[in-house]
Amino acid sequence: MWRLDRIALAAFAGIAPLLAAEDLLRPDVQERIARAVSAVVHQDASAQEEIDAIAELGTCGRTGLLLQLALYLERAPGTEEAMAGAVILDYLAFSPAEKLDAVEPHFMAAGAGLRRIFAGILSTIDSPDGGAPDFGVYEERIRRLGAAPPQGLIAYMFEVSPDAALASMERVFGGTAPGRTVAGEDIAAVRGVIEEPHNARNDRARATAALDAMSKETVWWRRLYAAAVLRAQPSLATSAIAERLAQDPHPLVRTTAAPPAPETR
Amino acid sequence: MSWSFLLHSPFREVAELAMHTGRFIRSAGFPLAIAGLVCSAPGDAVATPGEATDLIVTGYDAGTGYISFTYTPACSASDHHLEFGPLDGVGAYAYSGQVCGIGTSGAYGTFDPGPGSFFFLVVGDDGAGIEGSYGKSLIDGVPAERPPDALDPSCPLVQDLSQRCDGPFAPTLDVTAWRPAAASGAAFQRVAVPESEELVPGAGIRVNGDDDDANAVPDRDDPVVTGENDLIEVVLGVDPQVPHPGYEYAIVRTSAAIRVWTGPTKDVELAADGDEALAFTGPSMTVWVENPSGGAGDLELAARALSDGTVVASDRVHFRPFTSLVIALGGESQVPADPPLDPGNHGTFQLAIALRQKGYDVVMYDEDVVSSSGAGAAFNEAAGAVQRRAVTGFAIFGYSHGGGSTNDLSRRLDTMRASLGSFSIDFTAYVDGIENDSDFDLDSETVLPPSTGFHANYYQHPGCGFLQLCGAPVPGAHRDVNVTATPWGSALTHFTIDDAPTVLQELLDLVMTHVAP
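Sequences listed follow chains C and W, in order.
Take our numbering: the last position of the first sequence gets the number 265, and nothing is skipped along the way.
Take our numbering: the last position of the second sequence gets the number 517, and nothing is skipped along the way.
The set of hints was computed from the structure by calculation and includes no laboratory data.
Honestly, I wouldn't trust all of these hints.
Calculated from the model, a selection of chain C residues having no Cβ within reach of chain W, i.e. all distances over 10 Å [stated by the list, open to error]:
| # | residue |
| --- | --- |
| 1 | LEU57 |
| 2 | ALA84 |
| 3 | THR124 |
| 4 | PRO128 |
| 5 | ARG143 |
| 6 | GLN151 |
| 7 | ALA188 |
| 8 | GLU196 |
| 9 | ASN199 |
| 10 | ARG201 |
| 11 | ALA258 |
Just so you have them, the derived chain W footprint on chain C, three or more residues with Cβ under 8 Å [said to hold, decoys possible]:
| # | segment |
| --- | --- |
| 12 | 116-122 |
| 13 | 224-232 |
So, partial list: chain C residues that the calculated Cβ filter (under 10 Å) puts toward chain W [as the list claims (entries may be wrong)]:
| # | residue |
| --- | --- |
| 14 | LEU24 |
| 15 | LEU89 |
| 16 | ALA147 |
| 17 | THR208 |
Even glycine gets a Cβ: it sits at the ideal position worked out from N, Cα and C.
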């Protein structure tokens, strides 16, 4: 399994209209967060009180508080603010459900910086110790939503690891789907290019052929896999694959196949 | 441009006044003009004027008082002027008057110094502000240039004999090489290799086996490379711009290990056969040096005689291929830049910049280009350096989450050895390292980077208090410093340790000790 680095993740932000973060900002909450951050940075005795004071503000519950913290971190100008903000987030001990509730509704519309923060928050659920993500933690939630799967969460999964996301989708939706036309060995060729792009033994032609076949699959998440891989490794694309994915009937596939937005951070 | 030479004895008396009048008396034994090299196309060269010669008085009009004379114009002179003074002041060079702008015709017919006895000289100038030689004389028994007129009552001119067209050709040549552009990551400011380092250790240069234009052709084999970033900018300076007659400027390669191009994306090759004469259209020109396949070589700028190739002046820079790459990873939300965006707060990038100025090939990144698996832009750069640029050693260091990313990157490099090629991780360092499994990871980084040749670990506040961030000891580290226990670092926090002068100086010294550039 592999996952994209966070800078690359931010580049996916162009796949949907950007969230007007200013509309979500609560200046009073942001000010209290800044005071708490300052207290943590300077190791003031009042740090805990300052953090507790944030939680007492009306923020639509802990989900709203987490969203405000994410917005603060997106704007963190330096290590002091970013790391002290992370200390506060850790202290507040949000549950996985709270994190999903805070992030998922806004993920698709978030700009590059906020999307990177959201991805970081979700990664504390699926890979708390780093390494390969365990998307099994999301499958019950996706399964429960059935015909209206959470677009933001699925987009995140394919951005982080198309390979792990594909496996997860097959577990959730694969039971009633037609069989995949692409062999596991061909998917392994794609994985080889993604994991070790420098390796001269990679069979890049086989990987491109596999992506071409995946882009013609009847089920959307397999086509989304092709789009997500090509987003990360454009050198594997052909113009035919790119055009096909750009005209895909599924909006998530189409937007994933679109050119990345410039990094704004 | 054609030049001819008239060689004269510098001390030969070339002019005598035939007349003894009340106003003008020949001074016996005093040459009124001094012989020398004379060019037939004065004004073409940038060299300073030489000496006007062959001054001969041809007439005196008693009615008007005009003296007429002829002379051979000075080379590189676009004008001439007269210097004169009372005859009894000749020994002291007591110039008392000037006649400006007498032209370059070699003849003048309306010189009237006034009543009395006078000496006079014809001096070449550039028509602007520079004058040439007044000729030589025995001064205190030693042949020497006559002193110029310092008062300049009429013609404001300053004598400059440094590049006189009729003197020995001793041009000033300078070759300045610049540090390389960043291979990837943040850009660096343009900075020159110090003069004292031009030969030893020389200018570092990357082996150009990568593919900057992504056309599947190694750049060394590409005639033009869009986006090329591995060539070294070199500025060639000459003074004077045009060499004296009989000489030329040329660049010389001492080895096929380097090639010289007219542009940063290659363009036209220079000195393809080893050396090539250069015509300067200004005081300097810029060329670009490539190292296609490794090895060292020198680039020399020379002034040499056309007749036998004798080099009369030269300057040279030695080019050595980089064998290592330094990778610097900042802390969370620190954006790498040169100069640092927050100069007093981005110590990691200050260190990176200092190492580049010490001659290392350096890249600096946002630590988030390294995923928790070690994959990403930093790894790709490192892999390409080993596979295509003959790099065999790495130094990797980072602060806070950059420390965690240092371990992640080192681990991936070590894991991928079989598919990468031969290299060593010569040096690693954490500065209050925090694991970087995500932006919200707060765990101290305590794992020694695998296969590191030397690991330095600077951390503060071991045991980390409530709501505090801190590094921790790293078992196996070759230098493991709890700064909180030091006199100089007891007040440092997670947010200041990366800027501590002692930490930065020690890291600089350690990299230079353990990593060959």
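Outcome of the hint check:
| no. | hint | result |
| --- | --- | --- |
| 1 | LEU57 | holds, 19 Å |
| 2 | ALA84 | violated, 8 Å |
| 3 | THR124 | violated, 6 Å |
| 4 | PRO128 | violated, 7 Å |
| 5 | ARG143 | holds, 25 Å |
| 6 | GLN151 | holds, 22 Å |
| 7 | ALA188 | holds, 15 Å |
| 8 | GLU196 | violated, 6 Å |
| 9 | ASN199 | violated, 4 Å |
| 10 | ARG201 | violated, 7 Å |
| 11 | ALA258 | holds, 21 Å |
| 12 | 116-122 | holds (count 4) |
| 13 | 224-232 | violated (count 0) |
| 14 | LEU24 | violated, 19 Å |
| 15 | LEU89 | holds, 6 Å |
| 16 | ALA147 | violated, 32 Å |
| 17 | THR208 | violated, 14 Å |
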